[in-house]
Amino acid sequence: MPDARFWADSVADFNSALPAQPGPWLILSSGGEDGAFGAGLLNGLSESGKRPDYAVVTGVSTGALMAPFAFAGPRYDGALRDAYTKITAADVFEAGGTGESFADSWPLKDLIAKEITPALLADVAAAQRSGRRLFVITTDLDAQHAVVWNMGAIAVHGGDAALNLFRSVLLASSAIPGGFPPVLIDVEANGKHFAEMHVDGGVGGQFFVAPAALMASTSDYRLPATQLYVVVNSGLERDFQVVERSTPAILAQAVGAAVKVDTRLMLDRTYVAAKRSGVDFNVATIPVGFRAPSRGPFDPDYMGALFQVGYELGKSATPFSNESPPYPGRPALQSPDTDKAGANR
Amino acid sequence: MRKFGGIFTAIAVAGLLAAIAVTPSDAAPKHVYVRTMAFDGLWSVSIFTQDGPCAPSYRYPARIVGGHVMQAENDFNYEINGAVVRNGGISVTVSSGGQSATGYGRLSRSRGAGWWRAAGGQCSGTWSAIRRG
Numbered sequence: 001m002p003d004a005r006f007w008a009d010s011v012a013d014f015n016s017a018l019p020a021q022p023g024p025w026l027i028l029s030s031g032g033e034d035g036a037f038g039a040g041l042l043n044g045l046s047e048s049g050k051r052p053d054y055a056v057v058t059g060v061s062t063g064a065l066m067a068p069f070a071f072a073g074p075r076y077d078g079a080l081r082d083a084y085t086k087i088t089a090a091d092v093f094e095a096g097g098t099g100e101s102f103a104d105s106w107p108l109k110d111l112i113a114k115e116i117t118p119a120l121l122a123d124v125a126a127a128q129r130s131g132r133r134l135f136v137i138t139t140d141l142d143a144q145h146a147v148v149w150n151m152g153a154i155a156v157h158g159g160d161a162a163l164n165l166f167r168s169v170l171l172a173s174s175a176i177p178g179g180f181p182p183v184l185i186d187v188e189a190n191g192k193h194f195a196e197m198h199v200d201g202g203v204g205g206q207f208f209v210a211p212a213a214l215m216a217s218t219s220d221y222r223l224p225a226t227q228l229y230v231v232v233n234s235g236l237e238r239d240f241q242v243v244e245r246s247t248p249a250i251l252a253q254a255v256g257a258a259v260k261v262d263t264r265l266m267l268d269r270t271y272v273a274a275k276r277s278g279v280d281f282n283v284a285t286i287p288v289g290f291r292a293p294s295r296g297p298f299d300p301d302y303m304g305a306l307f308q309v310g311y312e313l314g315k316s317a318t319p320f321s322n323e324s325p326p327y328p329g330r331p332a333l334q335s336p337d338t339d340k341a342g343a344n345r
Numbered sequence: 001m002r003k004f005g006g007i008f009t010a011i012a013v014a015g016l017l018a019a020i021a022v023t024p025s026d027a028a029p030k031h032v033y034v035r036t037m038a039f040d041g042l043w044s045v046s047i048f049t050q051d052g053p054c055a056p057s058y059r060y061p062a063r064i065v066g067g068h069v070m071q072a073e074n075d076f077n078y079e080i081n082g083a084v085v086r087n088g089g090i091s092v093t094v095s096s097g098g099q100s101a102t103g104y105g106r107l108s109r110s111r112g113a114g115w116w117r118a119a120g121g122q123c124s125g126t127w128s129a130i131r132r133g
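Each protein sequence line maps, in turn, to chains L and D. Each residue of the first sequence is one higher than the last, beginning at 1 in the working numbering. Each residue of the second sequence is one higher than the last, beginning at 1 in the working numbering.
Mixed in with the good hints, there may be bad ones.
Covered by chain L, according to a simulated footprint, are these stretches of chain D (three or more residues, beta-carbon under 8 angstroms) [said to hold, decoys possible]:
#1 37 to 50
#2 64 to 73
Just a few of them, taken from the derived set where beta-carbon distance is under 8 angstroms, the chain L residues facing chain D [what the hints assert, rightly or not]:
#3 Pro74
#4 Gly78
#5 Ala79
#6 Arg81
#7 Asp82
#8 Pro325
For the record, the hints were derived by calculation from the structure and aren't laboratory data. We treat Cβ as the ideally placed atom computed from N, Cα and C, and that holds for glycine.
Generate coordinates for the entire structure from the input sequences, incorporating the hints supplied.
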């Protein structure tokens, strides 16, 4: 499929894929179930009439899953709300190793197939024809290279092949390495067919604005946008918890810490790039005070509470901040309960 | 706050409170308590907590061979043991980390449903299953 994708660090391909006219860009970050925040925010923005037709929408991981709905417009707000408030862990993964991961994501694959309909594909294609762009990022594990998928260009092709590729890219973009199995995508290059192994786009960064060379502090590139709206679907504050002595728990806490650091650095860089470009910088993050309890992964009560926080923020007078979030101070000293106190000794 | 790695946490506690089970006296009267191969294959079981502080839901694979219910894969995080009888009554206990849960239910050719309760009674709920192979 020509124009279906390009390397995320290819400046020439990126520039040629952009809309002809500048406009507002919406950048949707990774964050797993915390994508409920972004889903709520978008619903709130629609409610308050402050949601433009974004010229460019980019999504990574959970941001990728919501990106087609955000791109296709407020008529999909209900589907977006349901996708982040009515699902449970059983709709996303099945426990048990696959040989490639700790869990199997076939339930998520089925859910994506249900939500990404031919009608949605047609709406994405129409937006592409009107000059708008939808980009989703995966990581080509074979090449250790982030890939930008031009989802609108894929949608324009239409038919089952386009629909299947569209769905596979979304699944791949949220395939946390080790957690979910990678997604094999059939490709053709130089007349040869083979299957590329793709995983979560978050491996290459928690959100995507432009190729790294263009975002560098030494670059003089000016982003061809009128405004940047970055939605961070994950908490930026350190999250103290006594870590269980198991491989998954240790990985989760370590990756979670790395994601916070990566997200903050990327926000800082994006802020500088926006200022350099004369582009309005806007960022929405989960409020620091949000402390809803969660009984487990994809807890509908927790996600519903986070959706509501996003929704209220979206409806508010100031849904976005114009400054990069301040770096946190020292983590608050915790008093683990008696049972947990000895867990990591 | 749950975060990026939530699924890992889920896997870490896999099996703590999930169960599909049936007591033979309820779902499979003794005179028909004969194992069957009619339900042999790969199943996916969704667990839903209705009461108690346990995780809201999980999904587990299970394999039935000769009427014996076991883990679908070698996963040392949890253990499944149980049996299904001719009328579809199924009895399974899931255990992990010294904790376990049991329940009650029934399978049809392609689906199943029932309820479960954790040992100690701190949590209970329902389960459903679909056949995947």
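Hint check: 8 angstroms Cβ-Cβ cutoff, Pro325 (chain L) to chain D: For Pro325 (chain L), the interface hint is violated, since the closest Cβ of chain D sits about 15 angstroms away, which is over 8 angstroms.
Coverage criterion applied to the segment 64 to 73 of chain D (partner chain L; beta-carbon cut 8 angstroms; 3 residues): That given contact holds, which follows from 3 residues of the segment 64 to 73 of chain D lying within Cβ reach (below 8 angstroms) of chain L.
Hint validity - Gly78 (chain L) Cβ closer than 8 angstroms to any chain D Cβ: violated (22 angstroms)
Per-residue hint verdict: Asp82 (chain L), partner chain D, C-beta under 8 angstroms: violated (16 angstroms)
Restraint outcome when Arg81 (chain L) is required to lie within 8 angstroms of chain D by C-beta distance: The hint is violated - Arg81 (chain L) has no Cβ within 8 angstroms of chain D, the shortest such distance being about 18 angstroms.
Interface hint outcome for Pro74 (chain L) [beta carbon to chain D under 8 angstroms]: violated (27 angstroms)
Interface hint compliance - Ala79 (chain L) to chain D, C-beta minimum distance less than 8 angstroms: violated (21 angstroms)
Outcome, coverage hint (the segment 37 to 50 of chain D, chain L; C-beta under 8 angstroms; three residues): holds (count 5)
When the structure is compared with the earlier hints, violations turn up for hints 3, 4, 5, 6, 7, 8 and for no others.
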